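Chemist: Mind docking these for me? Both chains are given alone in their own frames, and the hints should help you get the complex.
From first to last, the protein sequence lines stand for chains Y and C.
One point on numbering: in our numbering, the residue at position 1 of the first sequence is 5, and numbering is uninterrupted.
One point on numbering: in our numbering, the residue at position 111 of the second sequence is 91, and numbering is uninterrupted.
In case anyone wonders, no lab produced these hints; they're calculated from the structure.
None of the values given here were measured: they were computed from a predicted structure.
Here a beta-carbon is modelled for each residue, glycine too, at the ideal position from N, C-alpha and C.
A couple of the hints might just be wrong.
Coverage of chain Y stretches by chain C, computed from C-beta distances (three or more under 8 angstroms per stretch; other residues unrestricted) [said to hold, decoys possible]:
hint	segment
1	30 to 40
2	64 to 71
3	105 to 114
Now for the letters of each chain:
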Amino acid sequence: EDQVTQSPEALRLQEGESSSLNCSYTVSGLRGLFWYRQDPGKGPEFLFTLYSAGEEKEKERLKATLTKKESFLHITAPKPEDSATYLCAVQGGGSTLGRLYFGRGTQLTVWP
Amino acid sequence: GAGVSQSPSNKVTEKGKDVELRCDPISGHTALYWYRQSLGQGLEFLIYFQGNSAPDKSGLPSDRFSAERTGGSVSTLTIQRTQQEDSAVYLCASSLDSSGNTIYFGEGSWLTVV
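Bound-form chain C, shown alone (with noise of 0.2 angstroms):
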């Protein structure tokens, strides 16, 4: 596709309930990466992927988060058991490889946690 697609963009579920957000990075974008942004606040780093290396997971808050790249392109974040904290933008981003080469973001999902 022409720029990173993430979906939903928009979810609201209760408290304690799983939900998976979907990240399509550039195509032929090596790297991915995920972040959150809550309101008022920084983007927080959450985890990268580089091709087939391992994933660098050190931002995942807690065992609650986890995130998976099949195929090296489609990436999928998945919280379980959310919390109200999790409530958040989460957003996904893609670039050529990790080398300094532009990192383009998507739009972003909204999740509300209720």
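Next comes chain Y alone, as it looks inside the complex (with noise of 0.2 angstroms):
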């Protein structure tokens, strides 16, 4: 069966604390796997996609990476506004094709 479990649960950093969140999955025929951010009150904001293990992508703050087994979300020197709930989905290309299987999230907080 299709899995995601993201770690930690929460994170508190300060200001320039550098982190990395953890989402370790197991996917039949992996499509793709997604990185989200969602704020209070508001639907997932697409961050980053994956495909292959060894790919890494980056914007602004944020690096994410891919293994066979996990994803990392690096978080370089992070300011309040990345304070939010960071999800990790993948698509799997079995019998479950299109589905995305959502982790349950890390909520980040960032103070100054």
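Modeler: Encoded structure:
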């Protein structure tokens, strides 16, 4: 069964304190691993898609990496405006083709 | 439109009433998804449409839930005889297709059953 597990559930960082969020997954025929940011009361906002092990993508203070079993979202020198819930999801190519499986998310708080 | 549009943004309904939630996907997107997010919970898959193929309804929690997609574009999620446990945010998303293309979400419809 396709599964996604994110850790930690919550993370508090001081402004400028770099860290990483983890997303472990099992999926049949990975078609894509997605990272989203979700602010309270809003829909998930797309950040990155990764397709194969070894792939990396960057956007401002965020960098996403992918291995065959997990993905990391590295946050470098975070700012308070980076506070949000970060969601990881995978899309497989097996019998559940098309379905996006989400983790429970990591709630990030960055304080000044 | 520029993004996925959902309506209503907020809906309060009495227990036992039927509700309809609407989703306008991004123009040209053939794949459309419905998810549910309860307070403090993760996103729960409900249903997925891909082009003219039969939808994947395996995530619908009961037969009170149904969805249709007309003309390959607009989708309506219908909840009959609403229950308090149906209170949640219902999120719609769309993508070009299901082969790993970016999936974009709307802002959601907040449903409260009283």
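Chemist: All hints are to be evaluated individually against the structure, with a verdict given for each.
Modeler: Now the hints, each set against the structure:
no., hint, result
1, 30 to 40, "holds (count 4)"
2, 64 to 71, "violated (count 0)"
3, 105 to 114, "holds (count 5)"
Checked against the numbered hints above, the structure violates only hint 2.
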